[in-house]
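Taking the hints into account, I'd like the entire structure generated from these sequences.
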Amino acid sequence: PAIAQLREQLEEYRNNKEARLAIQEQLAERMKKLYGAESKEYARAQKDIAKTKKDISEQQEKIAEESSKLQMEYALDAIDKEQEASELRAELGMQSALKTIQLEQEFERKRLKIKRDALMEELKLEKQKPDRNPVQIAKINADIEKLEIKHNANMRKVQQKALKERMKEFKQLGGSIEASLTTAFESVINGTATMGQALRTLMGSVASSVVGMLAQIAAKWLVTKATEMILGKASAMSSIGANAGVAGSAA
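Okay, so the sequence shown: first residue is 121 according to our numbering, each after it adds one.
Check the hints yourself; a few may be wrong.
Stated by the list, open to error - If you anchor each label on the Cβ, the simulated ranges turn out as follows: (1) Arg127 <-> Gln179: 20 to 26 Å; (2) Asn253 <-> Ala122: 37 to 43 Å; (3) Gln256 <-> Arg150: 36 to 42 Å; (4) Ala273 <-> Ser187: 26 to 32 Å; (5) Met275 <-> Gln248: 31 to 37 Å; (6) Lys167 <-> Ser188: 29 to 35 Å; (7) Glu145 <-> Asp251: 22 to 28 Å; (8) Gln256 <-> Leu154: 39 to 45 Å; (9) Glu149 <-> Glu246: 33 to 39 Å; (10) Glu158 <-> Glu186: 39 to 45 Å; (11) Asp197 <-> Arg127: 43 to 49 Å; (12) Leu267 <-> Glu186: 19 to 25 Å; (13) Leu196 <-> Ala217: 20 to 26 Å; (14) Tyr155 <-> Leu267: 51 to 57 Å.
Said to hold, decoys possible - Listed below are the simulated PhoX-like cross-link pairs for lysine-lysine, each with C-alpha atoms no more than 25 Å apart in a straight line: (15) Lys270 <-> Lys249; (16) Lys277 <-> Lys201; (17) Lys233 <-> Lys247; (18) Lys249 <-> Lys235; (19) Lys137 <-> Lys173; (20) Lys230 <-> Lys219; (21) Lys219 <-> Lys201; (22) Lys137 <-> Lys171; (23) Lys182 <-> Lys244; (24) Lys174 <-> Lys152; (25) Lys173 <-> Lys160; (26) Lys174 <-> Lys259; (27) Lys247 <-> Lys182; (28) Lys189 <-> Lys137; (29) Lys230 <-> Lys281; (30) Lys189 <-> Lys270; (31) Lys230 <-> Lys244; (32) Lys174 <-> Lys249; (33) Lys259 <-> Lys233.
FYI, nobody ran anything at the bench for these hints, they're computed from the structure. All residues carry an ideal CB built from backbone N, CA and C; glycine is no exception.
Rendered as structure tokens:
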């Protein structure tokens, strides 16, 4: 094609840099043959080619960045689904509150790793650029630090939640012991029991409270296991029914 035609074609390719580069290379060859390798026209054509190659590199970087972001979003969404399933099991009595909190800590650590890995990869790519931007590098480093700070804050909240959950049963036990102590001392003060009798009654009440707490823990565990078994069988029956329906429709 003539030089004028090639220039017209360039106007049609603003975003398709690969096609634009191919046209510019043809145009540069025409300039070289027409004006010579030392000409201003050929030098300008080479400069345009260099610019387009840089644009192509930037486009590829942006495409890779968007792909990386999408993969990160998929990974984070998978963790969100796992956490939702964990919380549902807790609501249905299939999982203890402490187990749910432990899993919450694990999910938080997984989220940190995914986000941190993405930022570290972004930092690595930025440092590898010939024209690397110190401001952008500093920004990525700051984002990594902010991510760590937020993660630590979230982990503290989860740990506090776990501590509160552990203290619930001990508070109940403490309340029972306090009530037994009050009753024992009142009986001594009122003269309805001797100190020895009151102490024996107190020890019996404490032992009963401890046994009651252990029984409650055992009962919760049994209920959880029973619920898991029932729901597991229901899920299996549902799966069998669904497969039978598919087989029937295929027949």
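Against the structure, the hints come out as follows:
A C-beta distance of roughly 22 Å is found between Arg127 and Gln179, which places it inside the suggested range of 20 to 26 Å. Between Asn253 and Ala122 the Cβ separation comes to about 41 Å, which falls inside the hinted range of 37 to 43 Å. Range check, Gln256 to Arg150: about 39 Å between beta-carbon atoms, so the 36 to 42 Å window is met. Our hint of 26 to 32 Å for Ala273 and Ser187 holds, since their Cβ atoms are close to 30 Å apart.
The hinted window of 31 to 37 Å between Met275 and Gln248 holds, with their beta carbons roughly 32 Å apart. In this structure the hint that Lys167 and Ser188 lie 29 to 35 Å apart at CB holds, the actual value being about 32 Å. For the pair Glu145 and Asp251, the beta carbons lie near 23 Å from each other, so the given range of 22 to 28 Å is met. Between Gln256 and Leu154 the beta carbons are some 42 Å apart, a value that agrees with the proposed interval 39 to 45 Å.
Our hint of 33 to 39 Å for Glu149 and Glu246 holds, since their Cβ atoms are close to 36 Å apart. Taking the beta carbon of each, Glu158 and Glu186 are about 42 Å apart, inside 39 to 45 Å as hinted. At roughly 48 Å, the beta-carbon separation of Asp197 and Arg127 lies within the given 43 to 49 Å, and the hint holds. Our hint of 19 to 25 Å for Leu267 and Glu186 holds, since their Cβ atoms are close to 20 Å apart.
Between Leu196 and Ala217 the beta carbons are some 24 Å apart, a value that agrees with the proposed interval 20 to 26 Å. Between Tyr155 and Leu267 the C-beta distance comes to about 55 Å, which sits within the given range of 51 to 57 Å. Among the hinted pairs, Lys270 with Lys249 is inconsistent with the structure: their alpha-carbon atoms are about 29 Å apart, more than 25 Å. Between Lys277 and Lys201 the alpha-carbon distance is near 21 Å, which keeps this suggested pair within the 25 Å criterion.
About 21 Å separates the Cα atoms of Lys233 and Lys247, which keeps this hinted pair within 25 Å; it holds. A hinted pair counts as satisfied when its Cα atoms are at most 25 Å apart, and Lys249 with Lys235 qualifies at roughly 22 Å. For the hint pairing Lys137 with Lys173, the CA-to-CA distance comes to about 8 Å; that is within 25 Å, so the pair holds. This hinted pair checks out: Lys230 and Lys219 have alpha carbons roughly 17 Å apart, not beyond 25 Å.
Proximity of Lys219 to Lys201 is assessed by CA-CA distance (about 17 Å); at most 25 Å being required, the pair is judged to hold. Proximity of Lys137 to Lys171 is assessed by CA-CA distance (about 10 Å); at most 25 Å being required, the pair is judged to hold. Note on Lys182 and Lys244: the hinted pairing holds, with a Cα-Cα distance of about 15 Å set against a maximum of 25 Å. As the CA atoms of Lys174 and Lys152 are separated by approximately 22 Å, the hinted pair is consistent with the 25 Å bound.
Restraint check for Lys173 and Lys160: satisfied, since their Cα atoms lie roughly 20 Å apart, inside the 25 Å limit. For the proposed pair Lys174 and Lys259, the alpha carbon gap of about 23 Å is at most 25 Å, so the pair holds. The straight-line distance between the Cα atoms of Lys247 and Lys182 is roughly 16 Å, inside the 25 Å bound, and the hint therefore holds. Using a Cα cut-off of 25 Å, the hinted pair Lys189 and Lys137 holds, with the two alpha carbons roughly 23 Å apart.
Between Lys230 and Lys281, the direct Cα distance comes to roughly 19 Å. Compliance with the 25 Å bound is thereby established for this hinted pair. Under the criterion of a C-alpha separation no larger than 25 Å, the hint pairing Lys189 with Lys270 is consistent with the structure, at around 20 Å. As the CA atoms of Lys230 and Lys244 are separated by approximately 21 Å, the hinted pair is consistent with the 25 Å bound. With a CA separation close to 12 Å, the supplied pair Lys174 and Lys249 stays within the 25 Å bound.
Distance restraint check for Lys259 and Lys233: the Cα-Cα separation of roughly 19 Å lies within the 25 Å cut-off, and the hinted pair is therefore satisfied.
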